[in-house]
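When you get a sec, could you build the whole thing from the sequences and use the hints?
Protein chains: 2
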Amino acid sequence: METTRQESFSVQTGENEWTLGRKGHNLFQHITTKPFIYAGTGHEKVEMYRGNFRIEDRLEERVALRFVKEENDELFFSAAGQEPVIKMTAEVKDQQVTLSFESLSSLYNRFWIRLQASPEEAVYGCGEQLSHFNLRGKNFPLWTSEPGVGRNKNTYVTWQADVTGMAGGDYYHTNYPQPSFISSRHYAVQVDTTCYADFNFEHPDFHELEVWGVPNRITILGGESLQDCVEKVSDFYGRNPKLPEWVNEGIMLGIQGGTQTVDEKWQRAVDEGVHVSALWVQDWQGERITSFGKRLMWNWQWDQNLYPELPAYMEKWRSRGTRFMGYINPYIAVEGALFKEAEAHGYFALNSEGDTYLVDFGEFYCGVVDFTNPEAFEWYKQVIKTYLIDFGLSGWMADFGEYLPTDVILHSGQSAMEMHNHWPVLWAKCNHEAIKEAGKLDEIVFFMRAGYAGIQEYCPLLWGGDQSVDWSVDDGIRSVIPAALSAGFSGMGVHHSDVGGYTSLHGIKRSKELLLRWAEMSAFTPVMRSHEGNRPYDCAQFDDDLETLHHFAKTTEWFRKLTDYRKHVLAEYYDKGIPVQRPLLLKDPGDEKLTDEKYSFLLGEDLLVAPVVEEGAVTRKVYLPKGEWIHVWTGDRFSQGAHEVKAEMGEPPVFYSAQSSWAKEFTSLRGD
Amino acid sequence: METTRQESFSVQTGENEWTLGRKGHNLFQHITTKPFIYAGTGHEKVEMYRGNFRIEDRLEERVALRFVKEENDELFFSAAGQEPVIKMTAEVKDQQVTLSFESLSSLYNRFWIRLQASPEEAVYGCGEQLSHFNLRGKNFPLWTSEPGVGRNKNTYVTWQADVTGMAGGDYYHTNYPQPSFISSRHYAVQVDTTCYADFNFEHPDFHELEVWGVPNRITILGGESLQDCVEKVSDFYGRNPKLPEWVNEGIMLGIQGGTQTVDEKWQRAVDEGVHVSALWVQDWQGERITSFGKRLMWNWQWDQNLYPELPAYMEKWRSRGTRFMGYINPYIAVEGALFKEAEAHGYFALNSEGDTYLVDFGEFYCGVVDFTNPEAFEWYKQVIKTYLIDFGLSGWMADFGEYLPTDVILHSGQSAMEMHNHWPVLWAKCNHEAIKEAGKLDEIVFFMRAGYAGIQEYCPLLWGGDQSVDWSVDDGIRSVIPAALSAGFSGMGVHHSDVGGYTSLHGIKRSKELLLRWAEMSAFTPVMRSHEGNRPYDCAQFDDDLETLHHFAKTTEWFRKLTDYRKHVLAEYYDKGIPVQRPLLLKDPGDEKLTDEKYSFLLGEDLLVAPVVEEGAVTRKVYLPKGEWIHVWTGDRFSQGAHEVKAEMGEPPVFYSAQSSWAKEFTSLRGD
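These protein sequences, in sequence, are chains W and U.
Under full-length UniProt numbering, the final residue of the first sequence carries the number 672; numbering is consecutive throughout.
Under full-length UniProt numbering, the final residue of the second sequence carries the number 672; numbering is consecutive throughout.
Please keep in mind that the hints were generated in silico from the structure rather than gathered at the bench.
Positions of the beta carbon are idealized from the N, C-alpha and C atoms, including for glycine.
Treat the hints loosely; a few may be bogus.
Unchecked claim - Capping the alpha-carbon separation at 20 Å, the derived lysine to any residue pairs in SDA-like fashion look like this:
(1) W:340 to W:299
(2) W:554 to W:267
(3) W:34 to U:41
(4) W:153 to U:156
(5) W:138 to U:58
(6) U:34 to W:41
(7) W:45 to U:205
To be verified - Computed footprint of chain U on chain W; a stretch qualifies when at least three of its residues, placed anywhere within it, have a C-beta under 8 Å from a C-beta of chain U:
(8) 60-67
(9) 74-81
Spelled out as structure tokens, the structure:
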């Protein structure tokens with residue numbers, strides 16, 4: 001038996017044994033009766049309906065690779081009586097182990113890798129998870145898709161969405177999955193693959209990582225603390241590009257409906273004291289009405305009919321401190337001029353007959369710009385530069401990215417099944433490079449909902465996707481908090497959500513109360529931005545009445561007053577990788593009352609935010625970590641433990657650390 | 001290569017090859033790249049809530065047993081580099097092959113056996129299947145359980161039942177599963193096991209039979225025709241004991257509520273011309289009210305408070321040609337005298353602490369009589385003899401049998417996981433032997449909903465279980481037709497259902513129309529019997545008005561008029577095993593329009609019944625097999641093909657063969 005010890009990690013190999021240990025416990029332990037890898041053969045069945053996927057696997061074989069032999073520092077894993085299936089090399093550095101894999105057999109297309117676990121261990125990450133922060137006890141299929149409407153098979157809305165369009169989703173559906181996690185035992189795992197994966201944290205004694213293809217690498221990072229792991233994960237993936245300064249000036253106000261309407265709404269907002277950093281106008285490039293609600297034209301050029309004199313108005317708004325933002329996504333509707341241009345050049349992904357593959361986006365069809373074709377990629381960057389940047393947009397929603405069908409034919413010859421998860425990264429890269437090449441990285445911001453490992457270095461801002469405009473646990477207002485926390489533990493440190501949510505379906509309508517509570521919460525996130533919703537007429541809007549307008553005025557004022565602190569917190573992320581919104585857990589990882597806490601968060605080190613996420617609530621239960629905490633609105637002092645605090649509209653539970661050097665900024669929120 | 005040819009079956013063995021062929025196609029074909037058996041290791045998780053099971057399997061391994069070697073006429077199957085896992089011997093007779101299996105390894109607890117299939121092949125059977133008759137294209141888990149309320153994840157009722165009690169069910173849930181099927185390629189397969197199984201007919205090229213344990217035997221029967229296969233399956237399992245003659249005299253009228261109420265309802269029925277063969281009185285042993293509705297006392301003795309003077313009334317009714325029937329099941333409620341007696345003698349199955357295992361039956365608890373304890377089995381027979389037979393019951397519903405929890409400790413030491421499916425057989429045997437030992441086989445009938453392979457020789461009559469009192473596809477009136485057909489292809493040739501259905505939950509109420517249509521249909525089944533439903537006040541009843549009473553009078557008159565023909569059809573079953581209700585397919589197996597037909601049936605050879613199973617319908621589409629068919633009500637002649645025929649209330653589409661020698665009986669149905 002041979003032992004390699006590298007500070008914290010230690011590797012042992014022996015006769016049919018291989019162990020990677022750290023700090024007294026084993027991360028990986030291969031012995032004949034408890035193999036480290038299983039290999040198998042599966043036949044997948046993938047159905048997609050409007051971004052919702054049903055993925056089934058018929059498993060033919062699943063074989064334990066019980067035997068390992070070492071040769072020249074390479075490990076060869078095999079099943080009984082078979083040639084080796086996998087070659088692995090382990091590179092052990094101080095606080096990082098990289099396992100590199102190579103497939104030696106074409107027999108298998110499914111792989112399961114086991115890590116040793118302890119029953120009380122908690123795990124976090126897997127991209128942006130909307131239902132759970134601590135992922136232990138469940139499995140998480142990792143496949144970028146629509147997150148679903150309802151996302152809980154026990155709710156009537158979910159059932160309706162499932163029955164009417166396969167669209168209900170479940171707890172694990174997300175726009176932004178990622179094959180990585182952080183363990184409470186102070187290590188982080190990154191699996192380098194874009195294949196369909198399913199990370200299973202159900203078993204008390206092991207984690208099992210299923211991947212539909214041999215991963216290229218698995219990187220294990222060791223940390224001194226949970227926060228150290230979070231920072232190392234961010235180092236590993238790279239930081240998000242920085243937000244421009246101007247986002248601090250107020251809310252990105254989501255309005256639409258043509259030049260006059262936008263101008264009138266903007267004027268009213270400004271007149272009533274709402275701080276508007278930008279008008280975010282989705283339908284700048286046209287609109288269409290479908291049974292789902294209001295949709296956009298998906299031809300990424302200024303719609304001069306809907307927006308006459310837009311350049312002049314943009315100038316006027318800008319002169320008053322308000323920028324103009326638009327919308328784009330990586331698909332092009334068949335009706336527009338861009339479609340013809342792309343098709344003529346062969347820039348679209350193809351179907352098996354060699355024709356442009358058309359994807360149903362809900363009563364209209366689009367081509368998929370084939371980002372594996374360098375010319376198409378460059379052309380689409382040019383579209384962004386010409387029609388968005390040169391036109392004067394200060395930013396946009398870079399929507400979608402999850403809809404790559406698994407049966408398209410790609411220019412590169414790569415399998416769509418393997419490229420599906422990578423698509424959001426290519427889409428982020430396309431946006432980023434367009435802005436970078438235009439020299440406007442410090443002026444323009446785009447934001448995405450889709451993601452995958454690798455998006456971190458391209459996308460400056462994540463948004464939580466399309467919540468239902470309700471209070472539901474898995475799809476309503478509260479779901480964006482675990483979303484921010486899990487994304488932050490996955491290297492995406494800057495998150496926000498649609499103020500008011502988005503989806504009105506199956507009878508859900510946005511109440512004024514929900515809209516106001518969402519605005520309160522968003523004042524404590526990196527960016528404030530509102531959305532009219534897919535059915536604006538079914539949703540309370542910021543300008544419905546003076547009370548709402550003044551609530552927006554107040555909360556955008558909070559947001560402005562927190563600018564210096566927020567910039568300090570953002571700097572902590574850009575410097576060290578600590579996410580802007582952080583779980584309370586980071587304050588005291590030993591406090592098991594915080595292990596699963598997912599509906600409150602820290603904005604930076606000093607500000608604790610417990611948004612009101614229940615309808616009709618005027619109090620909220622809060623569990624405060626160790627230390628002394630000062631209630632922002634009353635100045636009352638609270639100590640560690642559970643408290644039920646007042647939470648009237650306009651005074652959501654927010655506390656700052658008694659030790660904070662930012663107390664003046666925080667007390668300034670109290671107003672007059 | 002060695003070949004054994006036995007008339008129609010042929011067996012070939014060779015180097016790593018084994019083939020069982022018949023009539024030019026292979027049933028089993030083992031070659032290294034297409035193994036016949038896979039072995040694996042699974043860890044099941046079984047949850048039960050009131051007879052509804054959630055069964056999940058975490059699969060550790062699934063290994064192809066690619067290698068086979070022959071030694072002394074025994075075949076040894078093994079995976080690469082391993083000792084043999086399974087020993088198999090094949091006994092080949094004229095039209096029957098018996099494969100006997102023996103496990104040689106304790107490594108594996110899951111087995112998958114593949115049969116070669118052709119894409120167009122149809123398969124039938126698997127016990128009583130309520131949603132499908134042709135099972136091709138789906139998988140069928142085989143586990144006796146509640147069938148579910150709604151049984152279709154796309155219906156709101158199913159969703160409600162799932163959310164409120166895990167009770168929605170799905171297309172494959174059934175009280176009576178059976179690991180057997182008949183193929184349109186004229187062979188039948190019986191797997192001798194009581195383990196959890198899942199027969200998968202999804203793949204175009206093979207069927208895969210999953211069994212959670214090595215089966216003892218697999219018997220393949222070859223037939224000259226589909227009907228020949230049906231007969232051989234019945235020969236294999238044995239015939240149902242015969243129905244007593246008196247069941248032909250009219251309906252078993254399901255009423256309850258105490259002596260006076262029953263007597264009044266009976267009098268009214270008889271006065272209005274309803275032919276009543278028996279009063280079927282569930283609550284003869286007491287009742288209780290739960291949130292589900294009216295439930296019974298589950299202490300299997302005459303309730304003298306609810307039924308004062310019952311013996312005298314039984315005599316009075318009998319003198320007017322009406323017998324008295326009751327109800328029993330294999331569980332005993334904690335409140336009654338029988339519970340104390342059974343517990344004192346140790347007749348109940350135990351929990352892991354050695355105490356009586358109490359099962360929740362819906363707001364009350366019961367012990368499970370341990371039929372693996374010969375003394376308990378004898379005692380329960382004695383209970384039946386003393387309190388049911390000697391008391392003078394002419395029959396009863398022998399309810400339940402599906403609720404054996406998988407974690408009970410049984411007297412025999414057998415695993416409850418393996419005995420669960422066998423429980424209905426023991427329950428049927430207990431009833432049968434009690435009647436047989438009392439010498440009353442030709443006088444007493446009991447009927448069951450639960451079943452499994454082996455029940456055939458004990459249970460004289462199956463009923464379709466608890467349908468919802470509605471028109472739903474998977475759980476309403478129509479579902480009892482595929483139920484009868486699939487049971488018939490599984491050796492249970494005598495089927496009937498609750499006239500009117502049973503379950504009123506989640507807002508479902510029984511309409512008068514449904515009740516009348518069900519009575520119409522049941523006149524053409526072996527037995528007519530009505531049920532008040534679980535919530536009688538939510539259900540139309542036979543005595544709600546004169547129109548309903550007269551409809552019952554008319555349909556029971558039909559039933560009586562068909563007595564001679566029905567006895568002839570029953571004799572065909574008792575002699576040859578051809579089920580009483582038969583699929584139209586048997587008339588012309590080559591007509592692919594009949595392959596999937598499941599909502600019409602033949603009563604015997606000559607009468608074709610297409611019940612009205614749609615609300616508000618006054619016509620029905622019927623596809624008639626080859627031959628000439630005469631419409632019973634009008635005498636109109638129809639030829640092979642699709643027809644839309646009139647189907648007013650009281651005249652459901654029923655046709656008889658123009659060649660029939662029973663024309664007189666059939667035309668007599670027309671009345672005056």
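Which hints, by number, does the structure contradict? No numbers; nothing is violated.
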